[in-house]
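Please arrange chain U on chain X, whose structure you already have, making use of the hints.
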Amino acid sequence: MLAYIIRKILFSIIILFVASFVIFYLVSLSGDPLQELALNPRVSQEDIERLAATYGLDQPVYVQYGIWIRDILLYGDFGLSFKQNTDVNSIIAARIWPTVLLMGSSLIFTLAIAIPFGIYSAIKKYSLIDNIGTFLSFVGFAMPVFFLGLILQLVFAVYLTEWLGVRVFYVSGMSSRGGGVIDLLQHLFLPMVTLSVVSIATFTRFQRSAMLDVLSAEYLRTARAKGLSERTVYLKHALRNALIPTITLIALSAVSLIAGAVITETVFSWPGLGFLLIDSLYKGDYNVARALLLITAVLTVLFNLLADIAYSIVDPRVSYD
Amino acid sequence: MVDQRRTGAGGGIESSEVMQAAEAAGEEYGKVEGRTQREIVWRRFKRHRLALISAFVLILLYISAIGAPVFAPYGYEEQDFTRINQPPSAENIMGTDRLGRDTFSRVLYGGRVSLMVGLGVGVFSTALGAGLGIISGYYGRAVDVGIMGLTDFVLVLPFLPVMLVLGSIFRFTPLTITLVLIVLIWTQIARLVRGEVLSLRDREFVQAARAIGVSDFKIMVRHILPNVVGVITVQATLTVALAILLESALSFLGLGIQPPTPSWGNMLTDARTTMTQQWWLTIFPGMMIVITTLCINFLGDGLRDALDPKAVE
Numbered sequence: 000m001l002a003y004i005i006r007k008i009l010f011s012i013i014i015l016f017v018a019s020f021v022i023f024y025l026v027s028l029s030g031d032p033l034q035e036l037a038l039n040p041r042v043s044q045e046d047i048e049r050l051a052a053t054y055g056l057d058q059p060v061y062v063q064y065g066i067w068i069r070d071i072l073l074y075g076d077f078g079l080s081f082k083q084n085t086d087v088n089s090i091i092a093a094r095i096w097p098t099v100l101l102m103g104s105s106l107i108f109t110l111a112i113a114i115p116f117g118i119y120s121a122i123k124k125y126s127l128i129d130n131i132g133t134f135l136s137f138v139g140f141a142m143p144v145f146f147l148g149l150i151l152q153l154v155f156a157v158y159l160t161e162w163l164g165v166r167v168f169y170v171s172g173m174s175s176r177g178g179g180v181i182d183l184l185q186h187l188f189l190p191m192v193t194l195s196v197v198s199i200a201t202f203t204r205f206q207r208s209a210m211l212d213v214l215s216a217e218y219l220r221t222a223r224a225k226g227l228s229e230r231t232v233y234l235k236h237a238l239r240n241a242l243i244p245t246i247t248l249i250a251l252s253a254v255s256l257i258a259g260a261v262i263t264e265t266v267f268s269w270p271g272l273g274f275l276l277i278d279s280l281y282k283g284d285y286n287v288a289r290a291l292l293l294i295t296a297v298l299t300v301l302f303n304l305l306a307d308i309a310y311s312i313v314d315p316r317v318s319y320d
Numbered sequence: 000m001v002d003q004r005r006t007g008a009g010g011g012i013e014s015s016e017v018m019q020a021a022e023a024a025g026e027e028y029g030k031v032e033g034r035t036q037r038e039i040v041w042r043r044f045k046r047h048r049l050a051l052i053s054a055f056v057l058i059l060l061y062i063s064a065i066g067a068p069v070f071a072p073y074g075y076e077e078q079d080f081t082r083i084n085q086p087p088s089a090e091n092i093m094g095t096d097r098l099g100r101d102t103f104s105r106v107l108y109g110g111r112v113s114l115m116v117g118l119g120v121g122v123f124s125t126a127l128g129a130g131l132g133i134i135s136g137y138y139g140r141a142v143d144v145g146i147m148g149l150t151d152f153v154l155v156l157p158f159l160p161v162m163l164v165l166g167s168i169f170r171f172t173p174l175t176i177t178l179v180l181i182v183l184i185w186t187q188i189a190r191l192v193r194g195e196v197l198s199l200r201d202r203e204f205v206q207a208a209r210a211i212g213v214s215d216f217k218i219m220v221r222h223i224l225p226n227v228v229g230v231i232t233v234q235a236t237l238t239v240a241l242a243i244l245l246e247s248a249l250s251f252l253g254l255g256i257q258p259p260t261p262s263w264g265n266m267l268t269d270a271r272t273t274m275t276q277q278w279w280l281t282i283f284p285g286m287m288i289v290i291t292t293l294c295i296n297f298l299g300d301g302l303r304d305a306l307d308p309k310a311v312e
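Chains as they are written, first to last, in numbering that gives the first Met the number 0: chain X, 0 to 320; chain U, 0 to 312.
Hints listed in this document are in silico derivations from the structure and should not be mistaken for laboratory results.
On a predicted model such as this, the values are computed, not experimentally measured, just so you know.
Honestly, I wouldn't trust all of these hints.
Claimed, not checked - Residues of chain X clear of chain U, computed beta-carbon distances all greater than 10 Å: (1) Y119; (2) A141; (3) I246.
What the hints assert, rightly or not - Quick look at which bits of chain X chain U covers, simulated, 3 or more residues with Cβ under 8 Å: (4) 71–81; (5) 275–285.
A virtual CB, placed ideally from N, CA and C, is assigned to each residue, including glycine.
Isolated chain X, as found in the complex (with noise of 0.2 Å):
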């Protein structure tokens, strides 16, 4: 188990090295950061070769890599930004909350409403409301994120301020000047829910299928024979080995998560990373980029790691050779 775990881990590491690089030089490939600044002609080329030495773009790629994956392990140092004079770190931490935010609330408004219903709907299975359940998963399985969030935002903020006269939502940013707890709500409200529909409909569907699992067992019928309640039943002996499946897909789900809120932010221009990624992107920030992408790709592997360990040690049916 231990050796399995380990193993695990070196693979990961040596995974992430080698997609540190191919991100490194991909991005590079992408653009020269100094050729804007060649075509102006108040720039003369003496600057633009002081500022290449700056950057380090005078050296060759692999050496570039090297200074740049040395200063992220040993000073946590993602380099400086070409675009805006300041280094990266901080135009990424002042980004981090707002992603924090958004991703926690939608992980929690979506646990908040698929367990109950996945867990209702294993019970009364093949109900109408069971049926209306599977029927919708569907449909949020195969709605694109970013057509939900033009929908949410036509709806919710088009039509019903429209029809109501007051402005009840948002559809992009993060607050308005000088609002509050509540002005914030009204922003996160539409993106948290379009980030939130698919993995709704995933973890529905598994707690359902979970649920229907633990159902069958024989200690639930132990359960009901020695009387008790139903309600204790499900709650005190089904609902709890019904959840552990569940616990291991939200380490799973955080892959989608990502790449789901990187689609959310740029839709509701929600300032947190996925919409810097994008932007910095379409500005050939380059460093933004790849210290974005970086963190993305560690983020992947990490919770791909975490579901398999996860997994192994709840379903000992896993082998580890």
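For chain U alone, kept in the frame of chain X given last:
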């Protein structure tokens, strides 16, 4: 006498009914016996109404996409400045955009891109994954370790960052985006198929084939492949849906299919700025993505039920 006759006649009728019933049962019985695997699958599939309807809708979608130049009333780049930003009407059933281009025509041409990328990725990444999965499971040992190592590597590659960077460098065309998606998506199916093949390769029918000197290649194609075709088909349909969603998401972010080539994803990007005034520019391309993926998922669901060898009639 009369009574007797009547009884007799009645008895006659009864017995002929019984005989007819027996004949009918016999016919039915013969049919049941003679049903081929394909008939069984088709019978089960037909029972899944949603899947059947979905298959029909998908066929229509693909016909209209392939025949876009024939069915589209206008070209996808054809501009008519006398008719800009028109809501849906008899002339432009899905309205027009700010350049006076017909949305319906663009949805058809966009569907061509989206549906073909989906189908291309579905077919080729499934073929690649299934091929490698069968080889890996059949030969085992070093071959298996090598192929599964590669699979694990591609599987944990951070998908989104890779696509985003490639998109920002290469300016995807429908062909290149298909190729990239094929390379990134085949892993899931390779793992699944390998698992199935591992349980098949030491079964008697494979040993028998080997004993009479059938070549490895023939065993894999003739004896193993038919047994994993169910898993492959279901996974292939889901891959098509996944590829369509990924392509449209990437195009929406401006890193996929580039204008003026329309795709459902980049049409939505275009529509965003004027969404509040021209709802039709958002709703129609978006609904096409939803309908297509929904139908593919229902189809996959129906196929899963129909192809499941453990299911009872």
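Okay, the hints, checked on the actual structure:
Interface exclusion of Y119(X) from chain U stands, the closest Cβ pair being 22 Å apart, more than 10 Å. Not every beta carbon of chain U lies more than 10 Å from that of A141(X), the smallest distance being close to 4 Å; the non-interface claim is violated. For I246(X), the condition that its CB be more than 10 Å from all CB atoms of chain U holds, with the nearest at approximately 21 Å. With a threshold of 8 Å between beta carbons, the proposed coverage of the stretch 71–81 of chain X by chain U is violated, since 0 of its residues qualify and at least three are required.
With a cut-off of 8 Å between beta carbons, the stretch 275–285 of chain X has 4 residues touching chain U; three or more are needed, and the interface restraint holds.
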